[in-house]
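> Protein sequences, first through last, are from chains A and B. Numbers 7 to 459, taken from our numbering, label the letters of the first sequence in order. Numbers 7 to 459, taken from our numbering, label the letters of the second sequence in order.
Among the clues, some could well be false.
Identical copies carry no separate label here, and so any pair may be met within one copy or between two of them.
[Said to hold, decoys possible] Dumping the calculated DSS-like pairs for lysine-lysine here, alpha-carbon to alpha-carbon at most 30 Å:
1. K348 <-> K379
2. K94 <-> K115
3. K81 <-> K385
4. K81 <-> K65
5. K404 <-> K391
6. K385 <-> K297
7. K297 <-> K379
8. K152 <-> K95
9. K81 <-> K37
10. K81 <-> K379
11. K152 <-> K81
12. K297 <-> K9
13. K404 <-> K348
14. K344 <-> K297
15. K152 <-> K94
16. K81 <-> K9
These aren't lab readings, by the way, just hints derived from the structure by calculation.
Protein chains: 2
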Amino acid sequence: MNKASRLFWPVLVTPKNAVVKQTEQLSRSQKLLTELGLIKSGSNGTYQLLPIAQRALDKCINLVQQNMQIAGGQKISLPVLTPTQLWKKTGRLEGDISEFYMVRDRSGKQFLMSPTHEEAVTAMLASTAPISYRQLPLRLYQIGPKFRDELKSRFGLMRAKEFLMKDMYTFDVSESTAKESYAAVSAAYERFFAQLEVPYVKVQAATGIMGGSLSHEYHYVSAVGEDTLLQCSQCGYAGNLEVLDTETQTCPSCQSTSLSQVRGVEVAHTFLLGDKYSKPLGATYLNNAGKPDALTMGCFGIGLTRVIAAALEVQSTEQQLRWPKLLAPYDVCLIGAKQGSKEQLKTEQLELQLLEQLSAICGAQELLHDERKELTIGKRLMDAKRLGHPLIIVVGAKAPKLELHMCGEEPQELELPEVLRMVQAHVEHKQQLLQGTIKTKEQDLQQRLGHVH
Amino acid sequence: MNKASRLFWPVLVTPKNAVVKQTEQLSRSQKLLTELGLIKSGSNGTYQLLPIAQRALDKCINLVQQNMQIAGGQKISLPVLTPTQLWKKTGRLEGDISEFYMVRDRSGKQFLMSPTHEEAVTAMLASTAPISYRQLPLRLYQIGPKFRDELKSRFGLMRAKEFLMKDMYTFDVSESTAKESYAAVSAAYERFFAQLEVPYVKVQAATGIMGGSLSHEYHYVSAVGEDTLLQCSQCGYAGNLEVLDTETQTCPSCQSTSLSQVRGVEVAHTFLLGDKYSKPLGATYLNNAGKPDALTMGCFGIGLTRVIAAALEVQSTEQQLRWPKLLAPYDVCLIGAKQGSKEQLKTEQLELQLLEQLSAICGAQELLHDERKELTIGKRLMDAKRLGHPLIIVVGAKAPKLELHMCGEEPQELELPEVLRMVQAHVEHKQQLLQGTIKTKEQDLQQRLGHVH
Ligand SMILES: [Zn+2]
Ligand SMILES: [Zn+2]
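Whole structure, please, built from the sequences with the hints as guidance.
What follows is the structure, encoded as structure tokens:
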């Protein structure tokens, strides 16, 4: 079980009379995560994740991995360091390279701190004996840090210079089977985003520097988003404005004029790459005539630290974090009476009993016991609400009745068995999300909006 | 369940008449891992982990994390990029910096691709409001890539320029409580190494560039080790030769002359650091008088990719990998009759039944089904043995009897229920290792040898 008194959670203390110099515009998630001691700014554009945020990240990683496995993904690790020489072969060092971190080793050889790994993974395949068409499709993914020296790094984890990505690369015999891989991974992405229960928009996107013939982005709608999305309320079409004429007045799909613009935060991106990388790097497979052919590729990325920040950005209130249920650092926070209060003695037994019963229902790891009894219930309740625990249980003045605060709802006074039932229902809801057996609010919304496939 | 036909596992194919130019000396683990398609060399000194090796790594990460949690560890993530400015404050840029990868961002600010994170974690604590003595000890750990531009990078994952580490940093009020943290983390390390069941030697070590007052290393004994260890057969003392006079003839502990030298591969290292980092970086806590005092630190590292390679180095034969049970990529490999063979029809039912029963015992994820029926049993058995699966089950000519190959033992012909019992015993052994309820061979050995605490 987790004890709040032992948790490293350095809340930002600002003296009341302090003049805070706001040197940059902060987004809501960045402000809350920083003030609550969940992240800290390392140096300009890099962030340290502290234990509570790390728990959410680990849950996000597990959830993404589960979906990658379902999509036939095999996990690998590619080095952060990629020789720039590989990027020269694909022409990606010819454009603007100001976002790349480049470093030389002791022999003078130059490397990129990889912002993405198309070259690295393709060169790796090129250096093995060509695999047979029978072994395809091949879907490889990894989870690791990526580096982009952004000119406008901002909003904390939403646009950091160093961030955690899940990137997948698919290899197929042809464009048509590559599209099957594209559809399989896209389905995994949609399942993942549905599991988070945060409304998202999937849009047609530009292929840009990545190249290829087909691309989609997944966005969370937010005023701090850096992309402009066009949505058609008639047919459900959605596109990133950058793929459209900025003067577009009619829907490219149904020609209606019911278009509206929203701002989006890109949280995932998929590309059908064709042979843009496999040709120059010589990555081939043996076709059914035993002859080498260029592999047809796709690539697929989810910004893991970014998706967490963006989900919080969209859902949180000015004062309180709101987590996707599957990413909340803890399911339940339990707060007991203050030391020396008149309730303390009479409620102690009840608190112990609850700890045991809650652990049995949601697992000890999912339970945060705020046993900082030197603090009032009110102070601890405020901390708990700001952290946005899905379920907060207070054992106090109303004992044996308990106070249950469910995130975003009015508190309720309940008997112990009722509280346990609510916790049980929360755990079951999470299970159903994991198994994909419930139709989520998000799926409803997607159906209503419709979206590009 | 995992199917061998779908697994990316690019075995190195060397034409029989090829003249192999051996440009570097390969260690046994490097040779096997490379030939079997478990790792690939990226560029000089960096490695790609392919799916089978990645499974072992993920198991290793989970095992280490479990032990870090038991030791009171809280997980965090620190950026790869650390401002060199922090390292200037602690004086660590004054010596030999040729092993550091340094990079500048677009504004010209210089960063280290961190080889270790003492400065980063200490500066992070210094930048928070000082925590109270009541919140100490604080034990923070992370898992992430580290970078060292080694002059002599070699032996694959054993001494790579980019490698995966678990690093923990402890913060205490005083030297004496810091020693308690040191003991707690050391106990977790010993449990972890015991769980791997590979004999290790814990030695007194030099503090070196890390600084501090006390240090121990954990070594695997191997001819390719780069350290020389001195062991006393009388009292069990063990030390790294670098802490001793090279002419040492008598045991520093018992003065006996029963000293012997062995070569060791360092797989973990622990340091009691004192205030070497907290003083210059200003990391303080509030003592019980409410006044700030410098934190007393410890740091603790396990080379995750290295420990896997080193364990394989020590245990494997010239031709076959031998994994620690808890790190083996799969528990069981099942091989069925060849397509079109006279056994195929009669054994198919048995194979399906086994798949189901095995999955129920060890979990589908722990089962590799080698269903490449176009290959002979012999060829697949050779692959399986080279990969070193703890249990290999062959359904073939002797059906309904099965052939069971346990790693390193003579094959046995057994009835189905007996095979299932053996698999069950393996799973239980793993459970007991995880729970620490059995006395391992390693603990026996340690007791026999004795070792420094
Ligand atoms: Zn339309
Ligand atoms: Zn001795």
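> Now tell me, hint by hint, if it's right for this structure.
Structure-based check of all given hints:
no.: 1; hint: K348 <-> K379; result: within (13 Å within a copy, 74 Å between copies)
no.: 2; hint: K94 <-> K115; result: both (13 Å within a copy, 26 Å between copies)
no.: 3; hint: K81 <-> K385; result: between (44 Å within a copy, 26 Å between copies)
no.: 4; hint: K81 <-> K65; result: both (17 Å within a copy, 13 Å between copies)
no.: 5; hint: K404 <-> K391; result: within (19 Å within a copy, 65 Å between copies)
no.: 6; hint: K385 <-> K297; result: between (71 Å within a copy, 25 Å between copies)
no.: 7; hint: K297 <-> K379; result: between (73 Å within a copy, 23 Å between copies)
no.: 8; hint: K152 <-> K95; result: both (21 Å within a copy, 27 Å between copies)
no.: 9; hint: K81 <-> K37; result: between (34 Å within a copy, 22 Å between copies)
no.: 10; hint: K81 <-> K379; result: between (45 Å within a copy, 25 Å between copies)
no.: 11; hint: K152 <-> K81; result: both (17 Å within a copy, 20 Å between copies)
no.: 12; hint: K297 <-> K9; result: between (62 Å within a copy, 25 Å between copies)
no.: 13; hint: K404 <-> K348; result: within (12 Å within a copy, 76 Å between copies)
no.: 14; hint: K344 <-> K297; result: between (76 Å within a copy, 26 Å between copies)
no.: 15; hint: K152 <-> K94; result: both (19 Å within a copy, 26 Å between copies)
no.: 16; hint: K81 <-> K9; result: between (34 Å within a copy, 15 Å between copies)
The structure shown violates none of the earlier numbered hints.
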